[in-house]
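Hey, can you work out the whole structure from these sequences and the hints?
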Amino acid sequence: MQRTQSPLLVRLARVNPTTAFLAALVIVLVAFFAPGPVGGVLLLALAAGLVWLLATTWPVQAPAIRLIRLVMLTVLIAVALAKLL
-7 MQRTQSPLLV
3 RLARVNPTTA
13 FLAALVIVLV
23 AFFAPGPVGG
33 VLLLALAAGL
43 VWLLATTWPV
53 QAPAIRLIRL
63 VMLTVLIAVA
73 LAKLL
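At the far end of the sequence shown sits residue 77, using our numbering, and the numbering has no gaps.
Hints were generated in silico from the structure; no laboratory data involved. Please note that the accuracy of each hint is not assured.
Here are the simulated distance ranges between beta carbons [what the hints assert, rightly or not]:
1) R3 <-> A56: 26 to 32 Å
2) V7 <-> Q53: 38 to 44 Å
3) V7 <-> P27: 29 to 35 Å
4) V18 <-> T66: 18 to 24 Å
5) L14 <-> A70: 22 to 28 Å
6) L17 <-> L46: 15 to 21 Å
7) P9 <-> L62: 20 to 26 Å
8) A26 <-> V67: 27 to 33 Å
9) F13 <-> A54: 17 to 23 Å
10) P55 <-> L4: 30 to 36 Å
11) V20 <-> T48: 35 to 41 Å
Don't be surprised by glycine CBs; every beta carbon is placed ideally from N, CA and C.
Now the structure itself:
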């Protein structure tokens, strides 16, 4: 590990992609079926994590990928806010 690398990012790089996908899917499904504010807060927590990841990886992503990620993040935040209201 280099001195400039975050230990959290190094650890995330070792996570199996299937495991990460399934964990995110479980969080989303629980949030969708949880009552109003609880589900909204779970979705907003997931969105916060994705914002952090997006900001961290922004310089190395292609413009098309950036756009897709921003659209998906916007949809997630919109659903979370709708769930809260």
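Hints, verified against the model:
no.: 1; hint: R3 <-> A56: 26 to 32 Å; verdict: holds (28 Å)
no.: 2; hint: V7 <-> Q53: 38 to 44 Å; verdict: violated (19 Å)
no.: 3; hint: V7 <-> P27: 29 to 35 Å; verdict: holds (30 Å)
no.: 4; hint: V18 <-> T66: 18 to 24 Å; verdict: holds (22 Å)
no.: 5; hint: L14 <-> A70: 22 to 28 Å; verdict: holds (24 Å)
no.: 6; hint: L17 <-> L46: 15 to 21 Å; verdict: holds (19 Å)
no.: 7; hint: P9 <-> L62: 20 to 26 Å; verdict: holds (21 Å)
no.: 8; hint: A26 <-> V67: 27 to 33 Å; verdict: violated (19 Å)
no.: 9; hint: F13 <-> A54: 17 to 23 Å; verdict: holds (21 Å)
no.: 10; hint: P55 <-> L4: 30 to 36 Å; verdict: violated (23 Å)
no.: 11; hint: V20 <-> T48: 35 to 41 Å; verdict: violated (21 Å)
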